[in-house]
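Colleague: Take a look at the letters that make up each chain.
2 protein chains.
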Amino acid sequence: MALHIALDAMGGDRGPEELVSGAVMAAREYDLELSLIGDQGQLGAILARLDKPSTRIHLVHASQVVGMDESPFDAIRRKKDSSIMKAFALHKEGKVDAVVSAGNSGATLAAAIKLLGRLEHVSRPGIAGIFPTLKGPVVMMDVGANVDCRSLHLFQFGVMAAAFSQVLFGLDRPRVGLLSIGEEGGKGNVLVKKSHELFQQSSLNYIGNVEGRDTFQGDVDVMVCDGFVGNVCLKLSEGLAEAVMGMLGEEIAKSFKAKLGYLLARDAFVSFKKRVDYAEYGGAPLLGIRGNAIICHGRSSAVAIKNAIRVASEMVRNKVNDRIVELLSLHQPLVQEDDTLMAKATVSEVIP
Amino acid sequence: MALHIALDAMGGDRGPEELVSGAVMAAREYDLELSLIGDQGQLGAILARLDKPSTRIHLVHASQVVGMDESPFDAIRRKKDSSIMKAFALHKEGKVDAVVSAGNSGATLAAAIKLLGRLEHVSRPGIAGIFPTLKGPVVMMDVGANVDCRSLHLFQFGVMAAAFSQVLFGLDRPRVGLLSIGEEGGKGNVLVKKSHELFQQSSLNYIGNVEGRDTFQGDVDVMVCDGFVGNVCLKLSEGLAEAVMGMLGEEIAKSFKAKLGYLLARDAFVSFKKRVDYAEYGGAPLLGIRGNAIICHGRSSAVAIKNAIRVASEMVRNKVNDRIVELLSLHQPLVQEDDTLMAKATVSEVIP
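Here the protein sequences come in this chain order: C and Z.
To convert, note that position 319 of the first sequence is 318 in numbering that gives the first Met the number 0; the numbers rise steadily by one, no gaps.
To convert, note that position 287 of the second sequence is 286 in numbering that gives the first Met the number 0; the numbers rise steadily by one, no gaps.
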């Protein structure tokens, strides 16, 4: 039987049309059933306008929408019939195999954890960001779900992202690095130093501390950090890439010769943009939950949505959660032995 | 009398020749006395080779060099006659007004704090990174001196960087933002939330939380973060800018037409590179010490060194430290009232 993916068709900054278009593309390209969750009238009208809508696309009505700026916790408490909540409710009931959402990411996270719960052994589910690099993709975890973490959490992020990388990218022994401010193990803040000790004792292919400049070189497959640092990195990268292209554009616009040159080199710019486009993986998988979910960028294009649907189906088909639980179980003795992992006072111990 | 700047002429990845060239350029362009600290024979030979060495350049012998990868604390304990230690010793004795170093940055920091001490009211000196943006420069503090911080420290980084921004860039009320993962004050980790409350009560032109994507837009003059986050951002930015140019270069190299286009647009690329070049400010000022110091990138070019010497002299001439102490004094009541600032247990309070 074909896998069945639910799409929160109301979220995102570009409106439902873009999301529905992505779903239609996915239905044509992949062997999948799709449920679009949202206002049935609105979504039906969009589907009718699109050329040859697939018979494998189903509409599921949800009367409410969570705004992009709404408080996640208020939203999941008060809007029980929102498209996000409905999508995860369907997942919980086993009617769909995964959820894709470009809506309020905090609410998506909260709804997933509330309705699906955590996988065995998982202390904190987290969001895995996938970055393009000069070589292959690098998975950075956590990129925003957990802003205050302990070493146990960072360690588990590394294990979960490694499992994801194995299953999705076919890497046997993904190289796991700990994001820090120097390559030596002694460098970093208290959290990183404690996490480093834990990774060193693990059976992961741990390559030690890595620095921000290594992120885009492609010499590491999994980068571990807390959700505050990861989210700052994610947004800084977006901002810098935009600023670089903006400044370059301004300089090119200053002379006719340069503009002509740009036109000639245009194909190279287009391939470059495609290469660094986050849309290739569509979004960031939420790992550690009893289910499968992809959190997409609010500005996701139809292509990004299509790709997120593909990645979600690959996560289900390749049983990424089984691999996560297996790899976490393997490391349970290590985690249980170390009582200090959950001990109170981390920062306060070292700051005079 | 002309100001007198000491240059650690042995540090950096490019060797003394590059550093000495920068000093010679500075001596020609600015009304300054310069002391080059390091191996007298080696530096003398380099100076002799350079065209028309200035009579305002003095050599001060130091028999030791701190390696780029040496442990800072070991280095300042064991290598009392290193070029870094000697430079700060001269500063302490009042023989020079500022120190510029492209050597081991940890050792530079440690030597500065050990020999010069902290300014009045300063809890933790920090490093202020200066980033180019689409508009003016943005000062980010701390970019690496303090990896584990409390809200008091972040608050003081904001005050010190604002004082620097006022004095160096002539901004009357620099806009101060707190680097976080959402623009609302309620977003961020425990440290950021506590710091936000403090900034809100201050007389600074505090614009609230800012995100990584705002860094390069130029809509904020001072960005506050702890030294771990700041250092990760610094290195990520470097890495991303290199990767972007690398990937773009690879795409351009693929076709003759694109290569031709690049040649035509070459001037635009050159102006762009100049615009984003960290060399414009030469390095990162160390703020909060009883003295003036600029920590330069290990890979600094002669131009970067020349510019760092200029910025160091401007810091002295414009009395940035007086402004720092004045602005900190103004906020002392705020800091003293709040007993929780230095209280133990921050992370542990909220993580179950």
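In case anyone wonders, no lab produced these hints; they're calculated from the structure.
The C-beta atom is built at its ideal place from N, Cα and C for all residues, glycine as well.
Take these hints with a grain of salt, some might be off.
Unchecked claim - Okay, derived cross-link-like pairs now, BS3-like style, lysine-lysine, Cα gap no bigger than 25 angstroms in a straight line: (1) C:K256 with C:K272; (2) Z:K91 with C:K273; (3) Z:K113 with C:K258; (4) C:K253 with Z:K273; (5) C:K258 with Z:K258; (6) C:K253 with Z:K256; (7) C:K273 with Z:K272; (8) Z:K258 with C:K253; (9) Z:K193 with C:K272; (10) C:K256 with Z:K256; (11) C:K193 with Z:K192; (12) Z:K272 with C:K256; (13) Z:K272 with C:K272; (14) C:K256 with Z:K253; (15) C:K192 with Z:K192; (16) Z:K273 with C:K258; (17) Z:K94 with Z:K318; (18) Z:K134 with Z:K272; (19) C:K134 with Z:K272; (20) C:K134 with Z:K253; (21) Z:K272 with C:K258; (22) Z:K79 with C:K186; (23) C:K134 with C:K79; (24) Z:K253 with C:K272; (25) Z:K94 with C:K256; (26) C:K318 with C:K91; (27) Z:K113 with Z:K79; (28) Z:K134 with C:K272; (29) Z:K113 with C:K186; (30) Z:K79 with C:K273; (31) Z:K193 with C:K192; (32) Z:K79 with C:K256; (33) Z:K253 with C:K258; (34) Z:K258 with C:K273; (35) C:K134 with Z:K258; (36) Z:K134 with C:K258; (37) Z:K272 with C:K253.
Claimed, not checked - Just so you have them, the derived chain Z footprint on chain C, three or more residues with Cβ under 8 angstroms: (38) 238 to 245; (39) 264 to 272.
Colleague: Next step is simple, just say for each hint if it's right about the structure.
Modeller: Hints, verified against the model:
1. C:K256 with C:K272: Between K256 of chain C and K272 of chain C the Cα gap is close to 22 angstroms, so the pair holds against 25 angstroms.
2. Z:K91 with C:K273: Not OK: K91 of chain Z and K273 of chain C at ~55 angstroms, beyond 25 angstroms, violated.
3. Z:K113 with C:K258: violated, 54 angstroms
4. C:K253 with Z:K273: Given pair K253 of chain C, K273 of chain Z holds - Cα atoms ~15 angstroms apart, limit 25 angstroms.
5. C:K258 with Z:K258: holds, 14 angstroms
6. C:K253 with Z:K256: Satisfied, since the Cα-Cα distance of roughly 21 angstroms is no more than 25 angstroms.
7. C:K273 with Z:K272: Status holds; Cα separation ~23 angstroms.
8. Z:K258 with C:K253: holds, 20 angstroms
9. Z:K193 with C:K272: violated, 39 angstroms
10. C:K256 with Z:K256: Status holds; Cα separation ~14 angstroms.
11. C:K193 with Z:K192: Between K193 of chain C and K192 of chain Z the Cα gap is close to 24 angstroms, so the pair holds against 25 angstroms.
12. Z:K272 with C:K256: holds, 18 angstroms
13. Z:K272 with C:K272: holds, 19 angstroms
14. C:K256 with Z:K253: holds, 21 angstroms
15. C:K192 with Z:K192: holds, 24 angstroms
16. Z:K273 with C:K258: Holds. K273 of chain Z to K258 of chain C sits at ~19 angstroms (cutoff 25 angstroms).
17. Z:K94 with Z:K318: holds, 17 angstroms
18. Z:K134 with Z:K272: holds, 15 angstroms
19. C:K134 with Z:K272: Distance ~24 angstroms between K134 of chain C and K272 of chain Z Cα, so the pair holds.
20. C:K134 with Z:K253: It holds: about 17 angstroms lies between the C-alpha atoms, which stays within 25 angstroms.
21. Z:K272 with C:K258: Holds: K272 of chain Z and K258 of chain C sit about 17 angstroms apart, inside 25 angstroms.
22. Z:K79 with C:K186: holds, 24 angstroms
23. C:K134 with C:K79: violated, 43 angstroms
24. Z:K253 with C:K272: Roughly 15 angstroms between the alpha carbons, so the hint for K253 of chain Z and K272 of chain C holds.
25. Z:K94 with C:K256: violated, 53 angstroms
26. C:K318 with C:K91: With Cα atoms ~17 angstroms apart, K318 of chain C and K91 of chain C stay inside 25 angstroms; holds.
27. Z:K113 with Z:K79: holds, 12 angstroms
28. Z:K134 with C:K272: The hint holds at about 24 angstroms.
29. Z:K113 with C:K186: Distance of about 20 angstroms is within 25 angstroms: holds.
30. Z:K79 with C:K273: The hint is violated at about 54 angstroms.
31. Z:K193 with C:K192: Holds, at about 24 angstroms.
32. Z:K79 with C:K256: Not satisfied, since the Cα-Cα distance of roughly 57 angstroms exceeds 25 angstroms.
33. Z:K253 with C:K258: With Cα atoms ~20 angstroms apart, K253 of chain Z and K258 of chain C stay inside 25 angstroms; holds.
34. Z:K258 with C:K273: holds, 19 angstroms
35. C:K134 with Z:K258: holds, 22 angstroms
36. Z:K134 with C:K258: holds, 22 angstroms
37. Z:K272 with C:K253: Holds: K272 of chain Z and K253 of chain C sit about 15 angstroms apart, inside 25 angstroms.
38. 238 to 245: Answer holds; 7 residues pass the 8 angstroms Cβ test.
39. 264 to 272: holds (count 7)
Violated hints, listed in ascending order, are 2, 3, 9, 23, 25, 30, 32; each of the other numbered hints is respected by the structure.
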